[in-house]
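Engineer: Mind assembling these two chains? They're in different frames, but the hints should get you there.
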Amino acid sequence: MTASEHTLAPQRNRTLFFSLLALVIPGSSQFLMGRRWRGALLFLSIPVLGYIVYWAQSYQKVGLVTIGSWTTSWLWAPLALFWIWNVFDARRLGNGQESNSFLGLLLVLVILYVVAWNVTQIKPERLVTRFNDAKSVATNLVNPDVITITINGEDRICAWQCMSEYISDTLAGRPTQGPIRASKTLLDIIGRVEQVKAPAWEVKLGLAQSGGQVTGFVAGSLIETIAMGLMATIFSTILAIPVSFLAAHNIMSRVPGGNVVYYITRTLLNIVRAVDPVVWGLLIIVWVGLGSFAGVIALTIHSLAALAKLFSEEIEHIDPGPVEAVTASGANLIQTLRYAVVPQITPPFLAYTLLRWDINMRAATVVGFVAGGGIGFFVVETIRMGGYQLYATALWSVAVVIILVDAISSTWRARILADQPSEPEKRRSTWVKIRTAFLVLLGVLAFIYCWNISEISIKDLFAPAPTLGSILHDFVTIDLGPKTLGPVVQQMLITIFQAMLATTLGAIIALPFSFLAARNLTGRSKLSVWIFYLTRGLFNVLRSIEALLYAAIFVFWVGIGPFAGMMALAVTTFGLIGKLFSEAIEEIDPGPIEAVTATGASPLQVINYAILPQIVPPFTSYLIYQWDINVRMATIIGFAGGGGIGLMLNTFFGLLQYHKAGTVVLFIVVVVALMDFASAKLRQVLV
Amino acid sequence: MLRVENLTKVYPNGTQALKNVSFEVADGEFLAVIGLSGSGKSTLLRCINRLIEPTSGKIYWDDTDVTAAKGPEIRKIRRQIGMVFQQFNLVKRASVYTNVMSGRLGYVDTFPSLLHVFSAQDRARALANLDQVGLSEKIHVRVDSLSGGQQQRVGIARALMQEPKLMLADEPVASLDPVLAHSILKYLEQLNKERGITVLCSLHFLDLVHRYATRAIALKDGELVFKGLPQEIDDAQFKSIYGQEAERVSII
Ligand SMILES: Nc1ncnc2c1ncn2[C@@H]1O[C@H](COP(=O)(O)OP(=O)(O)OP(=O)(O)O)[C@@H](O)[C@H]1O
Ligand SMILES: [Mg+2]
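Those protein sequences? They're chains A and B, same order as listed.
Under the numbering used here, the first residue of the first sequence carries the number 1, and numbering increases by one thereafter.
Under the numbering used here, the first residue of the second sequence carries the number 1, and numbering increases by one thereafter.
In isolation and in its complexed conformation, chain B is listed as follows (with noise of 0.2 Å):
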C-alpha cells in the first residue's frame, strides 16, 4: 500500500508545485492523477521515487518511509517501483537489450554491470519481458529505429526488470497516436490484473481514465481537488478540475 501525508514541493524559484497533498492507494488499484499542464502531476509521481526531493510531507510504501531513506535505502525502494516516462527516456544510441538491462541495475552488483556483464537469470528474464511486451525480435536493434509506440513497450520492459510492486507512469501515452495509446495502455492493465501490479499513471484524457483506471484523483495548481471513481467525474467536477473554458473531447 502507498500512502501520502501533506506532501508539498516548493522549487527553488519559489513555484509551489505541491501543496498539502494527501491520499492512499491499495495494493492492485489502477491509480489515475489528472490535471491540467503545470498542475504537478510529473512533480507528485517523482516526489514518489525520489527522483524529487519533497519540501515536507510524508510518503509511506508497505510502511517504510520512503521520505527518510538515504543512500543505498532508497536505491532498494526504488528498485520496487517502475516507472515509464511520456518521452520514454530511453538511451537512443544503445540497444534495446542494454536499455532493457538497465532495469536491472538496482539488483546486481556494481562490478560486472559496469562491464555489461549479466546472469543468464536476468538474460533470461530480459527475453521474457521484451517477449511480454512483443519485442523479442528486435533485442540487438538500436532503439533509435523503433517507431515511438515500440520504444515504449522497451521502456515498460525496462521497468519490469525491477519486477515492481508499484509502477508509476507518467503521461506514457501523451508522445503517442490515439491506437498506440490504448495498445500501451493495455500493457499497463494487463500487468495491473495479471501480476498484480499497483499502477499510479497521469493522463490526459478522461475517455483514458474512464476506461482503464479502478480509481482517480485530480490535481489542480497544486492541490489535490478530487478523489474517487473514475465515474464520479461529472461535468460539474471536470469543469473544476479543467477550468470554465473546457470541452469533453473524446479519443476514439
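Bound-form chain A, shown alone (with noise of 0.2 Å):
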C-alpha cells in the first residue's frame, strides 16, 4: 500500500507531460514512450489529414457548413476529436494502461470515407435509376457474338436461346432457321484462314512465287495479345539477368564503385516499375508508332523492371554456406557460380518468370488501350461502336485465357519450387530425350510465329520518329507551375480515394463470399463442396479481366467519371480479395479454438478470441496491399473513361502537352513509390 502510494506523485507528474506534450507535438509522447510505430503515425497523420480536409473544403466543398457568417467543413470537427484521443492515448499510455485504438482509427475513417465518397462523385442513386441500361448492357454480356445465324438472307447474332433452339432442331430433324457459322467478331479475336501474300520463306524453299498468294492463318487480336504478352516475358527476363546484379547489394559492394551503380540501378528500377505499362505505351508510340510492337516494348519496359527487383533480391538471399562448401573444394570462380549459385537462382528466376508472364498477358489485354495491337485495341473499337455484344465476346475469350495462364503459371510455379528432383537420379530414357527435343522445337517455332505477328522490328527501334527528340525533351521539362501543380494534385488525391473506395467495396463484398470459398468450411464435404467450386469459380472469372477493360459497363451505367472507375476497380478487387481472404481463412489454426471452447467460452466469445485474431491481420494487410495495387490500376482506369489522373494524363498527351504529362508521370512515380513503401513496411508490421 505504501509502496504504491510513494510512487503515485511521480507518476502523475509523469502522466501530465506526456498529455501535455501530446496536445503540443501530437504522437511525440508515444514515440518517447516506446511506441515508435504509434508516435510516428499519429505525428504524420494530423497534417496530412488536416491537408486532406482543408483540400476537400476548399476544392471539393466537401461537407459546407455555415454558422454566422462563416463557412468551414464539420470535418474539421473529427479532424479535433482525434487530435485530442491522441492525448487521451498519451495518458493512458504514460499510466501504463493498455490504450485501444479503436476510436482514433473510427475518426480517422470518418474524415478519409466522407472526402473519399464526395470526390470520387459517388451517385449510388445513378444505379437505381440507371438501372435499365445496366440491364441491357448485362444481357448483351452474357449473350456473346460468338455464332453468327444467316435467317432469310440476314446475318443476325445467335446467342444461347437461338443456338439452343438451332441444337434442338437438329436434334430432332426439324428444318433449322437457317445455316450457322463463327462469327465475324469470334474470327476477328482468334484468326482466319485466307489467302495472304507468301511469306518469305515458303519462297526461299520453292514453296511459293514471289508476290504471290498463299492460304495461311491470320492470327486475330486474342492470339496476337497473347504473343504480346509471351514476347514481353522473354525479352524481359533476358534483360532482367544481367541488370538484376547491378542491382544486388552482396555483390555491388564488393566491386569498387558498385555501391553508386546499386543505389542508381535500384531507385530506376523503382522508377520505371512506379509506371503502368499502358502509360509506358503512351510514351512509346511518340517512338515506334502504333501498334502491337509498341505494347510489347511497353510491357518489357515494366515488366524488365519488376523482375530485375525481384531478381536482384534472390541473389541477395543467397545462401552463401554451397558458396563456402565448393570454393573449399578447390573450385574456381565459374565452377562456383555453376555448382553453388546457379543452382539456388534458377528455381526462384523461373518461378518469377512465371508469374510474371501471368501478369504480363494481363497487362497484354490492356496496353492495346493506348498503344493499338491486341484485344486491348479491338475492345476499344467496339466500345466506340457500342457493340456490347462483340465486346462480351472479347471478355469472355480474355477470360478464357488468362485463368488458364494463371492455372499453367501456378501449377509450374507450385511444382518449381517444390523439392526438385536431383538431375543425376533422374535417368533420362530416350522417350524423354526425345519428348525434350520436340518440346524445344515447338519453342523455337512458337517463339518465331509471336515473333512475326507481333510486329517486332528492330528497324524501327533505331529510326524513331523525327520529333522523338523534342518530345522527349518537352517531357522531362517537367511544368511545375501552379495551372498545372493545382490540377494534378487535385485528381492524384481523386485517384488514391477512388482506389480507397474501390478496395472497400470490393473487400465488404467480397467478405461473406471468402467464408463460402474456403476449402475447411465448404470444401470438406459432398454437400458444400459445389460451393466452395462455385465461388472460387467465380473469384477467378472476375480477377482474370483487368479493371479498364470492364470500365466500359460502368462507364454505360453510371456515366463517365471517377464514379465509374471505382466500380470497375471494386470488381476486379473483389476477385483479388476474396481469393486472397478465402486462402487467410484457409489457414486458420483450429487449435486456440478448442483451447478457448475448452475454457467455457461462448460461442461469440470463441469467434472474438480464437478467430478474429488470426484473421485480422492477414485480411488487414491484404487490403493494404490491395489499396497499394488499386492505385496503380486507378492511375490508367481513366483511359477507359472512369475519371482521375488517367484521365488527365490521356489529355494532355492528347493534345501535345508533353510537360504537362511529364508532371503527370512525376507525380504517379512519386504517389505509388511512396505507397508501395508505405504498404510494405505497414504490413511487415502487420502480420
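Simulated from the structure, these hints should not be mistaken for laboratory data.
All of these numbers come straight from a predicted model, not from anything done at the bench.
Keep in mind that the hints are not guaranteed to be accurate.
In silico DSS-like cross-links for lysine-lysine, where the CA-CA straight-line distance does not exceed 30 Å [what the hints assert, rightly or not]:
hint, chain 1, residue 1, chain 2, residue 2
1, B, K92, A, K681
2, B, K76, B, K239
3, B, K165, B, K92
4, B, K19, B, K165
5, B, K138, B, K92
6, B, K138, A, K681
Every beta carbon over 10 Å from chain A, so not counted as near; a handful from chain B, in silico [unchecked claim]:
hint, residue
7, E29
8, H116
9, R211
Think of the CB as a built atom: it goes at the ideal place given N, C-alpha and C, for glycine as much as any other residue.
Structural biologist: And the structure:
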C-alpha cells in the first residue's frame, strides 16, 4: 500500500507531462514511451489529414456548414476529436495502461471515407435510376457474339437461346431457321484462314512464287495479345538477369564503386516499375508508332524493372553456405557459380518469370488501349461502336485465356518451388530426350511465330520518329507551375480516394463470399463442395479481367467519371481479395479454437478470441496491399472513362502538352513508389 | 471426483477410438494416461470436457453428469476444467495478455469481453498467474516471439485463469525438449500439490510417469489395459502396453 503511494506522485507528473506533450506535438509522447510506430503514424497523420480536410473543403466543397457568416467544413470536428484522442492515448500509455486504437481509427476513417465518397462523385441513385441501361448491358454481356445465323439472307447474332433452338431443331430432325457459322467477331479475335501474300521462307524454299498468294492463317487480336505477353516476358527476363546483378547489394558492395551503381539501378528500377505499362505505351508510340510492337516494348520495360528487382532480391538472399563449401573444395570462380550459385537462383528465377508471364498476359490485354494492337485495341473499337455483344465476346475470351495462363503458371510455379529432383538421379530415357527435343523445337517455332505476329521490328527501334527528341525534351521539362500543379494534385488525390473506396467496396462484398470459398469450411463435405467451386470460380473469372476492360460497362451504367472507374476497380478487387481472404481463412489454426472452447467460452467469445485475431491481421494486410495495387490501376482507369489522373494524362498526351504529361507521370511515380513503400512497411508491422 | 463409466467413442468414419473405458480419479490425484500413439489418449481427455461428443457411456464430475449437460450448462462445467495442449493452441498473433485473458471467458459477460474489457480483479488475476509461471515481464509481448517452453507456460497461465479444480493436459511436453519437459511438469506438480488441483495428464515417457504421477492408467487400441500405481508397471506390463518390440527409454 505504502509503496504504491510513494510512486503515485511522480506517476501523476509523468502522465501530465506526456498528455501536454501529445497536445502540442501529436504522437511525440507515444514515440518517447517506446511506441515508435504509433507515435510516427500519429505525428504524420495529423498534418496529412489536415491538408485533406482543407483540400476537400476549399476545392471539393465537402461537408460545408455555415455558422453565421462563417462557412467551414464539419470535417474539422472529427479531426479535432482525433487530436484530443491522441492526448488521451498518451495519458493512458503514461499510466501504464493499454490504449485502445479503435476510437482514433474510427475518427480517421470517418474523415477519409466522407472525403472519398464526395470526391469520387458517388451517386448511388444512378445505380438504380439507370438500372435498365445496366440490364441491357448485362444481357449483352451474357450473350456474346460468337455464332452468326443467316435467316432469310440476313445475318444475326446467334446467342444462347438461338443456339439451343438450333441444336434441338437439329437433334429432332426439324429444319433449322438458317445456316450458322462462326461470327466475324470470333474470327477477328481468334484468327481466320485466308489468302495471304506468300511469306519469305516459303518463297525461298520454292514452295511459292515471290509476290504470289498462299493460304495462310491470319492471327486474331487474342492470338496477338498472347504473342505480346509471351515476347515481353522473354525479352524482359533476358534483360533482367544482367540488370539484377547490378541491383544486388551483396554483389555490388564487393566491386569498387559498386554501391553507387547499386543505388542508381535500384532507384531507376523503382521509377520504371511505378509507371504502368499502359502509360509507357503512350510514350512508346511516339517512338515506334501505334501497333503491337509498341505494346511489346511497353510491357517489356515495366516487366524488366519488376523482374530485375525480384531477381536481385533473390541474389541477395543466396545462402553463402554452399558457396563456401564449393570454394573450399578447390573450385574456381566459374565452377563455384555453376555449382553453388546457379542451382540456388534458377528455381526462384524461373518461378518469378512464370509469375511475370501471368502478369504480362493480363497487362497485354489492356496495353492496346493506347498502344494499338491486341485485344485491348479491339475492345476500344467495339466500345466506340457501342457493340456490347462484340465486347462481351472479347471479355469472355480474355477470361478463358487468363484463367488458363493463371492455372498453368501457378502449377508450374508450385512444381518448381517444391523440392527439385536432383538431376543425376533422374535417368534420362530416350523417350524423355525425344520429348525434350520436340518441346524445344516447338518452343522455337512458337517464338518465331510470335515474333512475327507481334510485328517486332528492330529497324523501327533505331529509326524513331524525327520529332522524338523534341518531344522527350518537352516531356522531361516537367511543368511545376501552379496552373498545372493544382489540378494534378487534385486528380492524384481523387485517384487515391477512388482506389480506397474501390478496395473497401470490393472487400466488403468479397468478405461473405470468401468464407464460402474456404476449403476448410465448404470444401470438406460433398454437400457443400459445389459452393466452394462456384465461389472460387466466380473469383477466378472476375479477377482474370483487368479493371480497365470493365470500365466500359460502368461508364454506360453510371456515366463517365471517377464513380465508374471506382466500380470497375471494385469488381477486380472483389475477385482478387476474395481469393486472398479465403486463403487466409484456410490457414486458420484450429488449436486456439479448441483451447478457448475448453475454457467454457460462448461461441461469440470463441469467434472474438480465437478466430478474429487469426484473420484480422492478414485481412488488413491484404487490404493495404490491394489498395496499393488499386492506386496503380486507378492511375490508368481514366483511359477508359474512369476519371482520375489517367483521364488527365490522356488529355495532355492528346493535346501534345508533353511538359504537363511529364508532371503527371512524375506525380504517379512519387505516389505509387510511396504507397508501395508504406504498404510494405505497414504490412510488415501487421503480420 | 471424476468418474468415467463405460465410455465409448466411435468416430463418424468408423474408427473405434475408445471401448468401454471406466475409471475413477480421486480429488488431488496426478493421474498419468499412457499408451501408444493412436491408442485414444487425446480422445479420452477431450470427451471429459466434451470437446468431443462421446458415443455412449457416462462421465460424472463431482456428481454432475457431464454427458447430459447442454449449452450454457456445459460451459459452466468446462470453466472448472482447465486444459493444456501439446501444440499450446495459443493465438500466435495476439499478446500474452489477451491469450491469458481468454481463459477467463467462461466467467465474464459476453458483451464487455467482446470489447476486451475486463475487471481490475481479472487483470490482477492474470498478472498473478503469469507471475506463477514466471512470465510477468512478457505480458504485452506477442506470443509468436516466445520460445516453446514459454508458450506452454502461457498455456498453463491461461488454464489457471479458470481457477480449475481439474486440469487436463494432453501431452503437454511432447513438443518440448527434456529439460523444458521437466520444468513444465514441475509447474503442474506444484499446482497439484499446492492448490490441490486434480491433474489428468497424458504422457509418452515412462520415467516422467514414475517421477510425477500418483497413479496411472494405460490405453491400448481404445481399451483400458492398466490401472494402478506407476511403480506397478513392470517389464511385462510395459510390453503388453507398448508391444513386444518396445524398449524402455529414458530421458535424462
Ligand atoms: N476426428 C477423427 N476422425 C476419425 N478418427 C479419428 C479422429 N481423431 C482421432 N481419430 C482416430 O482415433 C484413434 C485415437 O486417436 P487419438 O488422437 O485419441 O490417439 P492418441 O492416443 O492421442 O494418439 P497420439 O499419441 O498420436 O496423440 C486413432 O486411430 C485416430 O486415428
Ligand atoms: Mg493425442
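Engineer: Hint by hint, say whether it matches the structure.
Structural biologist: A quick look at each hint next to the structure:
1. B/K92 <-> A/K681: 20 Å, holds
2. B/K76 <-> B/K239: At roughly 41 Å apart (the allowed maximum being 30 Å), B/K239 and B/K76 break the hint.
3. B/K165 <-> B/K92: Holds, at about 27 Å.
4. B/K19 <-> B/K165: Holds, because 27 Å separates the two Cα atoms, which is no more than 30 Å.
5. B/K138 <-> B/K92: 14 Å, holds
6. B/K138 <-> A/K681: 25 Å, holds
7. E29: 20 Å, holds
8. H116: 8 Å, violated
9. R211: Since the minimum Cβ distance to chain A is about 26 Å, B/R211 lies beyond 10 Å and the statement holds.
Violation of the numbered hints given earlier is confined to hints 2, 8; the remaining hints are satisfied by the structure.
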